[in-house]
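Student: Taking the hints into account, I'd like the entire structure generated from these sequences.
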Amino acid sequence: MRKLQAPQGVIPQLGYSLNNPDAPGTIYISSNPADNKLTLAMTSTVVAGFTAGTLVPPAQASTGTGSLLYLNLTPLGMTAAEFNALSLVSSGWSFESYSDESGQYIGLTPTAAVTLQPTPAEITFSLTDFTLATAPGPSAGLTVLAYRVTGITSSSFFPIMGNIPVVFQVPDDNTGDLTTAMWVDLSPLQVVASDNLNPPVSNSLVLTMTQNPNAPAVMVTPSSTFTLNFAFAADINGYGALLTVDEAKQLSVKAAQGTTDWTITPYLNANPPYWSFSPKEAGPLFPKSSGGTIAFDISSLFTNFQPGPTVVLVGYSDVTGFKSGSFAVTLVKQPHVAITAFSVSPAQSILNNGSASVQLTWSTTNMTSMTLQPLGIDVTALNGYSPNIGDTTQFTLVAEGQRPGNVDNIASLSVTAQVLPVINGFTANPASIYVNDFGNGYPTNLAWNVNTNNSVTLTSSTTGPVGPAYPAVSSATPALLTPQMLTLTPQGGSDDPTVSRSLFVSAFNIAVQTATTNQDSGYCAAPVNAGFVAVTAPGGNLVSILSTANYYPLTTVTTGNRPLGIAFSLDGTLMYVANSSDGTVSIFSVANVAAIPAFTFTSVATVDVGGMPQELAVGPDGTCWVTIDMGDSTAGQVVPISNTGGSYAAGPAVTVGNAPRGLAISASGASIYVANSASGTISIITVGGDTPAVGTLLRNIGKPVSIGLTPDGKKFLVAASGDGAVYGYNTQFAATSPRQTYPLPGANSVAISPTGAYAIATGSGPNTVALINYSLATIQNSQTLPAAPLSAAFTPEGELCVVALPGSNSVAVVTFAEYAEVAAPTSAGGVITNVALSADNTTMVGWCDAMVQIFSQGGSPLTGIVKGAVSGAAVSPYLGSAKINTVAISPQAADDAIYVATHAVAGIDVYTLSTMSKIGSIPIPLAGFSARQAVGLAVSPDGSTLFALVSNGGNQYSFMVFSTDVASKAFNLLADVAAYTGLGPPLSTPFAIGPASGGGVCAYTVDATTATLWTLSGSSSNWSVGTSLPLAAGVTGPIPSTLAVSPDGSTGYVAIQAGNNAYMSVVNLATQTAQLVHLPNPSNVTNFVSLAVSADGVSLYASDVAAAAIRILDAQSLRIKQTLSWSNGVLGPWGIAAASDCTGLYAAAINSMNIAIAQQVNPT
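When we follow my numbering, the leftmost residue of the sequence shown carries the number 36, and every step to the right adds one.
In short, the hints are calculated from the structure, not lab data.
Mixed in with the good hints there might be a few duds.
[What the hints assert, rightly or not] Derived DSS-like pairs (lysine-lysine); straight-line CA-CA distance at most 27 angstroms:
(1) Lys315 / Lys284
(2) Lys289 / Lys315
(3) Lys738 / Lys749
(4) Lys918 / Lys953
Tutor: Right, dumping it as structure tokens:
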């Protein structure tokens, strides 16, 4: 026989119904065979083929032959006499009855091949001599097992089950046919089946009864009864059925139009469950006030069965003048839309001229429309799309299926297209590990993408090579025992170390400090591009802007009434504040200005959102979403606020659970998770298409008030204050996968670290802040807070977490300290200004810059140099009474070389660092000048080139470039290029080198008298100085003090003071453009005199003479994330050096004449 194929999107299945004339689905309880004229009807959703077989008992059917069907009448509870008297009649079919301890069955098989076309075609069978003296209950569920039906069954051995609902009625003497006097209907006539990949779909129906206007009025009495009956099943497919017994218990049936005075009784413990409706008074079923139609609302209908038709039976009895019977309404279970595949190729891309093209492909089933986020484009007619991207992008495909009753038949799936720029595409997750988590090795995912056809190697600063050579685009997950530097090096190309890229996986310790704000505190936030933290003060109707140098308020911003939630736009230029007592959101533009307190906050809009706005979050498209509390007993809302060219408007509200609080937005912006505190639920909003869809993802959580989404989007954490716990859920299978539980009495907030693996949670019973490692599913550290917390928020770089302590006029600041001060500084034996480290980070060298005018609090300037181990135990003096301008140590450990420029000497001496024996001298040609001396030195990363900034006298400066070969003691002048002429003697001569964007190395210096940057670029003997770059345009009296260049050579940092103002000029060295950032603290709070950039480019280290401390700043926002200060004997920190493997920081302190040391936090 030809193989029959099912149409795409149709689930092959047989459907059955058992009917009496004018009473579908009804069996009359009677011992008189004349009362039942039953017909079994069989339909199919596809072309079904039946072959003649030999009937055998049901237990042997799997090994039988031909198409065999078995009608299971066991649920009717027939007596043996009743069952034996029964027979089935249909032309072309043979029958056999089977009755034993397993039940009562009637077997059916065709006598010749039969084909059943799809509905409405049907095959009918007459049940003759049917009697049933006693019914098992008001209703029952029968089944039919079908074996070996072509197009329906997929195996010879396993049957497909169909389900048949029936109701029981007592025959009476009435002759009226109610089905001709009124109609029964459902709206809509479809429901959507749930699946295990998306939130459950809650369907709603309206059951209507309508008077036939051409028939006499239907009259009822209080004894008149209608029943609502569904088809139930216990098997996984549920063909022909709608519900399981457990799903029925979730169902809600309520009065609606014209039935508010009816009695509705659920019989949920009946087998199967059903609902009965009875009027309270005698009279017309359809009073005039009903308009000829009465209705009942059916809601919370969840079904997980296979799509296809099912029958809903509405039974009736004791309706005046009408015989008892039932109405049958066919309800179609529509399939849930599904995204069966979604992929991106390539998964990792390398930028080409600033962009990369990727191919997205997908396949779906049961889809009617589809949107691709974050592009917001309609891709309904497509099965793929090729966007150009500029950075790593998470794409979310949002597919929509049939939505009867506007249910949430929506599926979404995300893929991430990774763009890993050359060299910069080397990442670690997590990048920082809690010091107690290392244990026997902490798995750390390293991922990279290198523009090379060759392999790459990984090297650890502590253990050497990590594994074999790796592909250029790959990843590894070593188990790290200690913090360490990991270096990625392409093979087969240049040996120049500048093509390598390093990152540091650090250890951190958690510390909590309390800062007085002089204001109430509610919620906290920080922008990505500025060095402050903002805290709402509900009691003061304002926002406090706090410095991260001392957490003292820099300024305040007036808001609406009782501000709570706060959020910044992704670029940090807008601040949104939720005003809980006046139903508005205040929006401010944020600008950095050249006046203390460095930032202005200008009101640009106040948007009415209604209710009591609570918390805010900004999505990747710039839309700000705000949760609205409408009261504990009323459904809350989430309202989007759009920004169209500076015009702000509230969009349509999305209804969620009661008293919503925290919310979290996925990286693509397609999913929004909402914690509904009063209803104990988590809502998920899917943003796609014209109208966001909302569903209930989780239920029965004790007062969820805060929610956070992990950076990879795989988990979310919920603070449930009513349960005294923080819960962790898998985003894809939140309702079915095991959840993580972190006990925390009074848990009221959770904040996720953007660096991965960790979260901060707070609780108020007792007042506690806890560090959660959600990768290990443990609470790793908890500390007591001085007051009850309300909220917690990480800064965007993940190095600080600010906890609001309402009612205490303070906040708690959680720091993740990566460095710890060594208690005893190392005495230098004289005033010292600078320190440098050897290539292997084992030796430190200190000196006093003879070009610096010393204002020390006592002591004589150090002569010569001091040298010792980085442990700081002691240093020894070298080079006697020589006054030293500057020193540079070769970055190549094999060179073991140190270059020393002596004051007022036209030359540079070279020594073996380990022994301080002299290797040679490099003369500085006078070139027509009366005197020259080097005031700045630096060595290229490969050790082959020495750069010098040379003072020519008369405020004139030049660059010099030398080739160096330490092994052969060969040092040759390559270039002598004029740099600039200053307006007068400078207070400092900042100088640095860094990799050039096109290869090689550039040298940079700053004219401190004009605040301009000068750049030397070139190669071999061809070097030139470009046009100067102003660093502090518009600032009066700027005084640059120091210059540092990022390891990749992309960015320069220049610290500048002007009066009481502190600035940082951030320079794009490739484009030669500068952005002047006014730091939020005056110079008496922060005064940076030396800078260094961490080897991974993430942090900026600054010596701060105002605070006698080393400040560690986030290199992007310039926010201070850690302050290192020594309680004993460190005054006036000046020059700073950072270990190339990030293991230590070293500062020369001019007033205390010692070297202050901070070491990387380490589990050992």
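Student: Hint by hint, which ones does this structure get wrong, listed from lowest number up?
Tutor: Per hint list: zero violations.
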